[in-house]
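Q: Chains A and B, in that order, give the protein sequences.
So for the first sequence, our numbering puts the first residue at 1; every next one is plus one.
So for the second sequence, our numbering puts the first residue at 1001; every next one is plus one.
If you're looking for bench data, these hints aren't it; they were derived computationally from the structure.
There could be a bad hint or two in this list.
Claimed, not checked - Capping the alpha-carbon separation at 30 angstroms, the derived lysine-lysine pairs in DSSO-like fashion look like this:
hint, chain 1, residue 1, chain 2, residue 2
1, B, Lys1125, A, Lys269
2, A, Lys240, B, Lys1255
3, A, Lys267, B, Lys1005
4, B, Lys1148, A, Lys283
5, A, Lys239, B, Lys1255
6, A, Lys269, B, Lys1143
7, B, Lys1073, B, Lys1111
8, B, Lys1125, A, Lys239
9, B, Lys1125, B, Lys1086
10, A, Lys174, B, Lys1270
11, B, Lys1208, A, Lys267
12, B, Lys1124, B, Lys1143
13, A, Lys267, B, Lys1143
14, B, Lys1148, A, Lys22
15, A, Lys203, B, Lys1270
16, A, Lys267, B, Lys1270
17, A, Lys3, A, Lys239
18, A, Lys2, A, Lys239
19, A, Lys65, A, Lys127
20, A, Lys24, A, Lys91
21, B, Lys1143, B, Lys1005
Claimed, not checked - Derived list of chain A stretches under chain B, where covered just means 3 residues or more per stretch with a C-beta under 8 angstroms from a C-beta of chain B:
hint, stretch
22, 106–119
23, 248–260
As the structure is a prediction and not an experimental result, all values here were calculated from the model.
Backbone N, C-alpha and C define an ideal beta-carbon position, used for all residues, glycine too.
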Amino acid sequence: MKKILEIRDLKIHFNIAGGLFKPKQTVHAVDGINFDVFEGETIGIVGESGCGKSSLARGLCGLNKITSGSALFNNIDLATANSKEWNEVHKQMQFIFQDPVAALDPRMTVAEIIAEPLETLYPEMKKTAVMDKVLATMKLVGLSHNQINRYPQEFSGGQCQRIGIARALILEPKVLICDESVSALDVSIKAQIINLLQELQQKLKLTIIFISHDLGIVKHICNRILVMYLGNIMELGDKKSIYATPLHPYTQALLSAVPVANPNIEKNKQVQLLDGDLPSPLKPPQGCVFNTRCPQAIDKCHSERPQCRLINQHMVSCHILN
Amino acid sequence: MSEKKVPILDVRNLNVEFKVQDGIVKAVNGLSFKIYDGEIVGIVGESGSGKSQTMLALMGLLASNGRTYGSVKFLGQELVGLSTNKLNKIRGNQIAMIFQDPMTSLNPYLKISAQMTEILILHKKLSYKEALHESIRMLERVKIPDAKNRIHLYPHEFSGGMRQRVMIAMMLLTRPKLLIADEPTTALDVTVQAQILELLKELRQEFKMAIIFITHDMGVVANLCDRVNVMYGGWLMETASIHEIFTNPQHPYTKALLESIPSIDHEVEKLRTIPGEPPNLLQLPKGCPFQARCQLTSNNCSEIIPLQRVNPRHVVKCTQELGVKL
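Turn these sequences into a full structure, and let the hints guide you.
A: This is the structure we're talking about:
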């Protein structure tokens, strides 16, 4: 398989300005991660809120500035790309947001919204050609051509998300980044959008980076899973083996905490309850970031940050595993 | 649970309507259900199914353009039409409610201590000192570390999960008979959600209270509840024990809902979808609100829909032959 995105030691930090009596602080949103994305796969990024999954996604499409490290996409390093290079990146990498209604400009018609990326990045294109493309893309995502002059507020959440998907796909990108793209939708609508994404992926040979906190959906749609915690990768591996034999204590706790829609399983299952909450990303713990909540932490976990190692086909960062 | 038991909450033919510019929004339509002592009943449904409005109606907390019809009996006392004064003696005291976002239910200007003691001073006529002591004990019970000092903090100084614990502790102060929880774990992370669900299960035993748990997550229902009410378009579609609903769902909506959830315990090639969208509550169709999306729809669906009993604790509202008509 061909690598399409190569991420090395990527850091995204945010500075919080200090005051007269307040020192400057830094949020360590993404704190040195390494992974590759391969062509045609769906990679799921999971983790709790504050783990850095959205910061990472926004960093990959230029919405957040990358602090250090590199992210190679088509021989362009996203960390140092200039605006011309970003235009090239955006032609091939597009983003679908969480809140489908907020992501659309209420003063633009559906046609204007969907055509905008094309008009911005290919200004030489003829109006009629743009309109043909808009109609074709609307058909692709299941919107009817007579809805073309309506405004976003006339649509339901599920339909708005279809508009968002159309806007991303009109450039025929290779990579689609979905940041919690179905989380705001109701169950029955969610299933429609998930099926649509899967169909489109097969039809258009898309690579999808799918960010979600819903482990059920991630399992349904992804090939590989990346588990993040406080800006660090805890575990990365093939979907089947991550769900069947999670190695990292955090992955184990996370999976056991997901309620399953089956009372027989729920009644008999042993939930590994974690103590407390996520530590502040302003002051991530010394050593392994998970050590404050890890039931198996040893001395080494408090002093030394574990490196990602290959264990049983998983990339895991943990000291206690052999 | 034996049939002779008296329900602590008896809702009969409850209707909730909102008058808006474009007409009348029928949020809840002809809802009837009972809650027995000590049970946890889940209410599931998508947004707009009326699950939250039902609870707000029986607490008398509807928006000012809302109207409630029907009967809600709590321990034999009628709540619909009760004066605010009398209602205030019941809600917050015998019936307590926790909401999705604890930050919007807590007063950001007041310390937790002030907000907790107020309840005991008002409802139980305790002195401040006694109330404070009792509040600290309750915070300790919901596993807030260092409760003695933390009670003097403001809500923003707690994390999301901690705030929800504070809310739960606050609601338990008066030892209510019924706790209504409206999506209390939806805004929380899964590991924190697991902590809160575990806590609720323990507290139910200890305080011997009934819990109505509103959620859209079937997994949470399977984890926590004894019985489930499935709502759609303001209707109660199906009610059954937790085991029945997952192993033997009868209503086409319940079946479709269960099949459209991707789960971590099994895999499917393609998710089942329910075509179309939820009904517009301004213009509900005659008869069943699900008919436009139902695969088994027939002409009868736009008439009066019968209630049918599949087995003693399993009732379905559908025109198909599913059991004994009631």
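Q: So which hints don't hold here, by number, going up?
A: 1, 7, 8, 19, 20, 21, 22
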